[in-house]
Amino acid sequence: MIELKEVTFVHQNGVRALDDVSLRIESGETVAVVGENGAGKTTLVKHVTGLLKPTSGTVMVDGQDTRNTSTAKLSRKVGVAFQNPDHQLFSESVEEEMAFALRNFGFSPEVVENRVSWGLELFGLEEYRKSSPLVLSGGEKKRLTLACILAWDPEVVILDEPTVGQDSIQKEKLAGTIRMLRSAGKTVVVVSHDIEFLWPVQPRVVVMKAGRVVGDGPASTLMLDEGLLASARVAQPQLVAFYRSLPRRPERPFVDPLEARRWLEAGRAVP
Amino acid sequence: MLAGPSGCGKSTLLRAVNGLIPHMYSGEYEGDVKVDGASVKESTMRELAQKVGFLFQNPENQIFMFTVERDVAFGLENLGVARGEMRQRVDEAMDLLGIGELALRAPHELSDGQKQRVALAGVLAMRPKLVILDEPTSLLDPRTAAELVALVAKLRRELGTTFLVVEHRLDLLVKVADRVVVMSDGAKVLEGTPAEVLFGDEAEAYGVAVPAITEVQKMLARDGVLPQGELMTPVELAQKMRGTA
Chain A
1 MIELKEVTFV HQNGVRALDD VSLRIESGET VAVVGENGAG KTTLVKHVTG
51 LLKPTSGTVM VDGQDTRNTS TAKLSRKVGV AFQNPDHQLF SESVEEEMAF
101 ALRNFGFSPE VVENRVSWGL ELFGLEEYRK SSPLVLSGGE KKRLTLACIL
151 AWDPEVVILD EPTVGQDSIQ KEKLAGTIRM LRSAGKTVVV VSHDIEFLWP
201 VQPRVVVMKA GRVVGDGPAS TLMLDEGLLA SARVAQPQLV AFYRSLPRRP
251 ERPFVDPLEA RRWLEAGRAV P
Chain B
1001 MLAGPSGCGK STLLRAVNGL IPHMYSGEYE GDVKVDGASV KESTMRELAQ
1051 KVGFLFQNPE NQIFMFTVER DVAFGLENLG VARGEMRQRV DEAMDLLGIG
1101 ELALRAPHEL SDGQKQRVAL AGVLAMRPKL VILDEPTSLL DPRTAAELVA
1151 LVAKLRRELG TTFLVVEHRL DLLVKVADRV VVMSDGAKVL EGTPAEVLFG
1201 DEAEAYGVAV PAITEVQKML ARDGVLPQGE LMTPVELAQK MRGTA
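Same order as they appear, the protein sequences are chains A and B.
Mapping to the working numbering: the first sequence position 137 is 137, numbers consecutive.
Mapping to the working numbering: the second sequence position 168 is 1168, numbers consecutive.
Keep in mind that a hint or two might mislead.
Taking lysine-lysine and the DSSO-like style, the derived pairs with C-alpha atoms no more than 30 Å apart in a straight line are [what the hints assert, rightly or not]:
no., chain 1, residue 1, chain 2, residue 2
1, B, LYS1175, B, LYS1240
2, A, LYS171, A, LYS5
3, B, LYS1175, A, LYS173
4, B, LYS1034, B, LYS1240
5, B, LYS1034, A, LYS171
6, B, LYS1175, B, LYS1154
7, B, LYS1218, A, LYS173
8, A, LYS130, B, LYS1041
9, B, LYS1188, A, LYS173
10, A, LYS171, B, LYS1041
Residues on chain B that point at chain A, a partial pick, calculated with CB under 10 Å [said to hold, decoys possible]:
no., residue
11, THR1144
12, ALA1212
13, GLN1228
14, VAL1235
By construction, these hints were calculated from the structure, which means they are not laboratory data.
Even glycine gets a Cβ: it sits at the ideal position worked out from N, Cα and C.
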């Protein structure tokens, strides 16, 4: 579905933001991209959306080279909610914001109306339907950008730091949305520092450092690699740190607190 | 530490403490806020600026000079502090935050964590009694965030400064905060030590993220496997489990 081959991107000021990155993401995968600030995560996302073209190497999305595809055409396939929602909200009202892209993609007025209502309800934004997006809080704006994208049903959904400014109830809903997209067969890419949020989702994890991919694998094995996490300045999930410190432990780390409890109370943690 | 869902009134409360409310915002205002014994509404902004320091969420909003040391000195210059004393206070603040070596660098060349430190040094150079941090870690990666929290704990110990921190991520602060206040719909709904708030049943309903390891500890306590006791880190809890053999 998405394939980066030996991609290097050098900014005008000479900074090498991506350095020989090769990465293949299959249709239907859920992938988390982690790494410290400035590691190249957002630059990577911008290559998948076609906003940036590689200095060398190729980026293919659904079999097409992004160099030869318009960003408008790509956006039908790849929906992205950027880190800063102010960069992508511009309409006079929340419902207009949601309807804008749908109309551009040629959906009929009834479909537009249905999907706007669906999205506003899913993300708890109905009360703001007629309000300006500018009156929303940071967290609400982020939810609105996500609602806008899901409404046009792209094959790939990219979320850049979706949990910033969200309280735990909203984070829970967001995790639910990711699970829903996953079971609908969508490809989901989440860029996030919020390792505690990512861990229960159990994605494939791509670790970036200084423009390179330095780790790639399932969360359950990759998060045990303390050397890799430390060198890329990625935190270890609490449940993994706990698991590592137990004298006896099951084969795989606990995905959620309930699993930990079951194991501990069966008395198996005690040698 | 101040927590609660977005829109619950946290930022408004911060503005009522640093004096932007009622001095800069208009609206209905009742009651009184006292900082260091003096009423905020009866104090001037100049007086308040010397007592209350404010660190914004995004350090880009408060650093703008050509060099780090000029930036740290900015608040003092505005107050007209004498040169000699200014030099001393700027050096002291930069030392405290470990940014002495960056003194002559341009702030925009620094990493996010370093920018945050420069902004905080500018705040501390004013020698405030109270420092307000508004979601200081939201733009930082987890390790940089943990370093900032450790720094805040150190400053509190060494300078005796009071910190008022708005933060969604309790896991970062549970070990250093003395008290947690949770707000909802403009009112205070919970207050206590981090352990009291996190072991209680209401925190989650107000959108406070209970760390995964605290969740485990809570269940074990409820089931009578372990006494509730103090909040533990993952490693501490694992050690405790060893001890229950």
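Consistency of the hints with the structure:
| no. | hint | result |
| --- | --- | --- |
| 1 | B:LYS1175 / B:LYS1240 | holds (17 Å) |
| 2 | A:LYS171 / A:LYS5 | violated (33 Å) |
| 3 | B:LYS1175 / A:LYS173 | holds (28 Å) |
| 4 | B:LYS1034 / B:LYS1240 | violated (43 Å) |
| 5 | B:LYS1034 / A:LYS171 | violated (35 Å) |
| 6 | B:LYS1175 / B:LYS1154 | holds (12 Å) |
| 7 | B:LYS1218 / A:LYS173 | holds (23 Å) |
| 8 | A:LYS130 / B:LYS1041 | violated (37 Å) |
| 9 | B:LYS1188 / A:LYS173 | holds (25 Å) |
| 10 | A:LYS171 / B:LYS1041 | violated (38 Å) |
| 11 | THR1144 | holds (7 Å) |
| 12 | ALA1212 | holds (5 Å) |
| 13 | GLN1228 | violated (15 Å) |
| 14 | VAL1235 | holds (5 Å) |
Of the hints listed earlier, those the structure fails to meet are numbers 2, 4, 5, 8, 10 and 13, in rising order.
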